[in-house]
Amino acid sequence: MMLSVRDLRVSFRTHEGLVRAIDGVSFDLKEGEILGVVGESGSGKTVSLLAVMGLITDPNAVIEGSIRYRERELVGLPARELRRLRGSEIAMIFQDPMTALTPVYTIGWQIAEQIRAHKRISKSQALERVEELLAEVNFPNPREAMSRYPHQLSGGMRQRAVIAMALSCNPALLVADEPTTALDVTVQAGILDLVRKLRATHNSAVVFITHDMGVVSELADRVMVMYAGRVVERGSRTELFSDPQHPYTRALLGSIPPLTGEKPHRLPAIPGSPPSLLRLPEGCAFGPRCPVNYEPCRAGKPVLGDGNHAAACFRVQA
Amino acid sequence: MIYAILRRFGQMLFVMFGISVIVFLIFFATPGSDPAARIAGRNASPEVLEAVRHNFGFDRPLYVQYGLMMKKIFVTGDLTSFVNRGWKVVPAVLDSIPVTLSLVFGAAVLWVVVSIIIGIVAAATRDSWVDKLLMALGLLGISMPVYWLGEVMNLITQSRYHDTWLFSWVPPLGYKNFSDDPKGWFLALVIPWVTLAILYIGIYGRVLRAAIIESMQEDYIRTARAKGLSETRILLRHALRTSLIAFVTLFGLDFGALVGGSALLTEVVFGLQGIGKLTYDALQSLDLPMIMATVMYASMFVVVANAIVDFVYILLDPRVRTS
Amino acid sequence: MIEKDRPILETRELSKRFSIGTRFSSQGRRTVHAVDNVSLTVQHGETVGLVGESGCGKSTLARCLVRLYDITDGQLLFEGDDITAKSLAELRPFRRRLQMVFQDPSASLNPRRRVGDLVAEPLRIHTKLSSREITKRVAELFDLVGLLPDHVMRYPHEFSGGQRQRVGIARAIALNPDLVVLDEPVSALDVSVQAQIVNLLADLQEKLKLTYIFIAHDLSVVRQVSTRIAVMYLGSIVEEGPAEELFATPAHPYSQALISAVPVVETTPSGQRRRIILTGDVPSPLNPPSGCRFHPRCPIAVDKCRVERPALTEHRSGRRIACHFPTLK
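Residue numbers (this note's numbering), protein chains in the order written: chain A, 1 to 318; chain C, 1 to 323; chain Y, 1 to 329.
Honestly, the hints are just simulated from the structure, not real lab data.
Hints should not be assumed to be uniformly reliable.
Unchecked claim - Partner residues aside, some chain C positions facing chain A, computed with beta carbon under 10 Å:
no., residue
1, Leu25
2, Thr125
3, Asp127
4, Trp129
5, Asp131
6, Lys132
7, Met135
8, Arg206
9, Thr223
10, Ala226
11, Arg319
As the list claims (entries may be wrong) - According to the in silico footprint, chain Y covers these stretches of chain A (three or more CB under 8 Å from chain Y):
no., region
12, 27 to 36
13, 101 to 114
14, 140 to 149
15, 205 to 215
Virtual Cβ for every residue (Gly too), placed ideally from N, Cα, C.
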């Protein structure tokens, strides 16, 4: 197993008390696999991956549990060693390409900076590599693009530059945090295509965080659905989309308006809104919004079972 | 590029024209400012007063007087003081420029270097005792009035501890020409530089710290961390660079104002015959030609300083280049 | 009563241009053609969806329709009345009947005022109702949009995103408008909440006989809500037609690419749809391409497209396309 996360808990000390953003998340990732992580705001999907990257810098954060990357424990690893992994073996793509690049340096400079942080090569060698990378992510004129500043590129082009940067050291693991949310659909289609192609050429494993079920179903090998800091369902793409188990997954899939065929008169909506992490309901966090909740749901928190396809739901497990 | 320079130049002319008209009008609207009365001296008879008025052209329409004064400043350069007869004001201003420039320039170097160091160290050690100590010292620097601090400095270095090894090198108050005596020039200005810089070190250190801390929250800092860069590199290459923009704006304003005469208090305390001192004296004696000359010089300098800031902006922020 | 056969809103060759820069800036004064010659008719009771990528002019058009922006060229008619150039005072009676809901509910609600006040505000300005009648009406509105009566005293930050958007909607319908322009009303909301708001909008339309102009970048949401859809590209409408028909058989190559790009949940792994991936970026509206504005990215463009701009023409009832070679099925 390339990445193995066990019982990860991330909490933040705030004025209003301890907020548990991640509450016991476990998952595995194989080499070359694409894992889709789906959830709404506050579901903990981003925080859990920032923890994997060692990018939670908030001094009020408490991280517990285990994150093993290629048999190395990352929790508690000295900052120096973590830094050596970051950007070279584990790379990340962020949501908003508009703000993810430093505005005062050229694209070429910023990508070369990452290469030179990890490899002992000359500046000109690094720039040659940058040109190759930009060509790989389909920049029409890579040499020219290198001398451009971020604000001179469109959103789609910036995101390609960010991807080129992430790939610069041939990472074994790529974490993508909603990389297409800020982009138009036609641009998104190009980026998704690129991610698929890169997985094929670089054999990188990808963790793809999104709120869009459609994106996950097109890209992921396996899917993990999160709600209020916990994983509620996990399975292969086929299992999850053809046979969703957890009432939340079912409801979420049901509430997406169809793109073809008959329009429903009303959409099957989920009542209420995602709970605040400060005031989580007793028992199952989805309980108050769940159409099938019953006694046990208020008494305790359901635990995600073992097995490839599992749901953290008392109804399903009963 | 040439176009930008021309535009700046036009702007400068416009500012100078506007300010000179305002100064001129305010002067003549000020009670007791009648220049004829000053030139004729106390107890002058009405006839003498009338004669002076006529000789100096004070009986002509204001716009003619204004035109004459401008001509005498910019074309012939022979405008004389109303107070000290025969004293030509343009050479007087030109003579005091090196004094002010030496004072402000040296202090600026000092305050920029020290405040950048303080800003970086405080931001890097945010919320630790080092940060708190530096910010407290900065606040102290801001709170001390320059004239008071200057006097205290003088008291220490000129009298109380002058004879100890620590301050025996400090020369008496006053300015020495750089071309005549570079060492003397330097020694004479060290204490004024430090005094003037202390206030600005406090302000700039705090501003830079805040700007860096703000930059450190930006998404691109997270990207830089994800790239595996060291914290030092992130701070210096990514956060500092983008934080300097606010710093430069402030610097342009302060530097322009100081060179234009705002270093007045420092000049007075240390007996330096700079622009500030000149303006101060001219205002005391309501000497219009001198006021006009120093104001013209100051407004020119503020515009020039702003142009320099714009240029530094372009170097710092590529976004300005294209838009 | 209102004449039902007359369109509620109509634009005739409406254009909106912005000038940027000054004569003295390096590139001189330049013009952005944000909305270019848009002719659109909206009938009573229907929902017209405007779709297109960012920068296509859909939001600018929406703001022109409620006269938040001045119109550069062309005409805007509200029930046959030309309101293109009406002054603010002359617009007042129309403002009541023409409302707008914005994308970000937290940005469009004053955080320092109670939501009851916010909803009551248009009533105070535009009606002569007593404060008692206003309170009654606000309670009625809260009930209509699915908020509880005691929510009146709360501040916007005490609400979730979905509830805030309900407040925004309550405010928009307070004066019984006829037409509501909705600019990305669900985009800022969580997926699980979007459907509630979509349903609420449908209910209100039925109950209050509203006409909607609905703007969103989420195509499946637009399809769900709209009866008719106009696809925009670089400031112009490239295709228009009944929602389901347009999605099933898009005729303009841009509409085809746009619709094919939407990722949909596939339950069977083999069921991948054919996807058209466009190359290049949307050109700048400062310097739009010659001929058909889509030609640089169009997979079927020929020489004619580079020279001659296709007009938006009606190919069959209710179906207009601006393309020399539309795919008609």
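Hinted contact Thr125(C) with chain A - closest CB pair below 10 Å: Because about 13 Å separates Thr125(C) from the closest Cβ in chain A, which is outside the 10 Å limit, the hint is violated.
Three-residue Cβ test at 8 Å for the coverage of the region 140 to 149 of chain A by chain Y: violated (count 1)
Do the numbers back the hint for Thr223(C), that is, is its least Cβ distance to chain A under 10 Å? 5 Å, holds
Under the criterion of a CB-CB separation shorter than 10 Å, is Met135(C) in contact with chain A as hinted? Since chain A brings no Cβ nearer than about 18 Å to Met135(C), farther than 10 Å, the hint is violated.
Would you check chain Y against the region 27 to 36 of chain A, counting CB to CB pairs closer than 8 Å, and say if three or more residues qualify? It is violated: at least three residues are needed, and the region 27 to 36 of chain A offers just 0 whose Cβ sits closer than 8 Å to chain Y.
Do the numbers back the hint for Asp131(C), that is, is its least Cβ distance to chain A under 10 Å? Hint on Asp131(C): violated, closest Cβ of chain A at ~13 Å, above 10 Å.
Quick check: do three or more residues in the region 101 to 114 of chain A have a beta carbon closer than 8 Å to a beta carbon of chain Y? With 0 residues in contact (Cβ-Cβ under 8 Å with chain Y), the coverage given for the region 101 to 114 of chain A is violated.
Satisfaction of the Leu25(C) interface hint, Cβ to chain A closer than 10 Å: Since chain A brings no Cβ nearer than about 46 Å to Leu25(C), farther than 10 Å, the hint is violated.
Hint validity - Arg319(C) Cβ closer than 10 Å to any chain A Cβ: Hint holds; Arg319(C) Cβ to chain A Cβ min 5 Å, cut 10 Å.
Stated coverage of the region 205 to 215 of chain A by chain Y [criterion: 3+ residues, CB within 8 Å]: holds (count 5)
Holds or violated: is the Cβ of Ala226(C) closer than 10 Å to a Cβ in chain A? 4 Å, holds
Holds or violated: is the Cβ of Lys132(C) closer than 10 Å to a Cβ in chain A? This hint is violated: Lys132(C) lies away from chain A, its Cβ roughly 16 Å from the closest one there, beyond 10 Å.
Of the numbered hints stated above, those contradicted by the structure are hints 1, 2, 4, 5, 6, 7, 8, 12, 13, 14, listed in ascending order.
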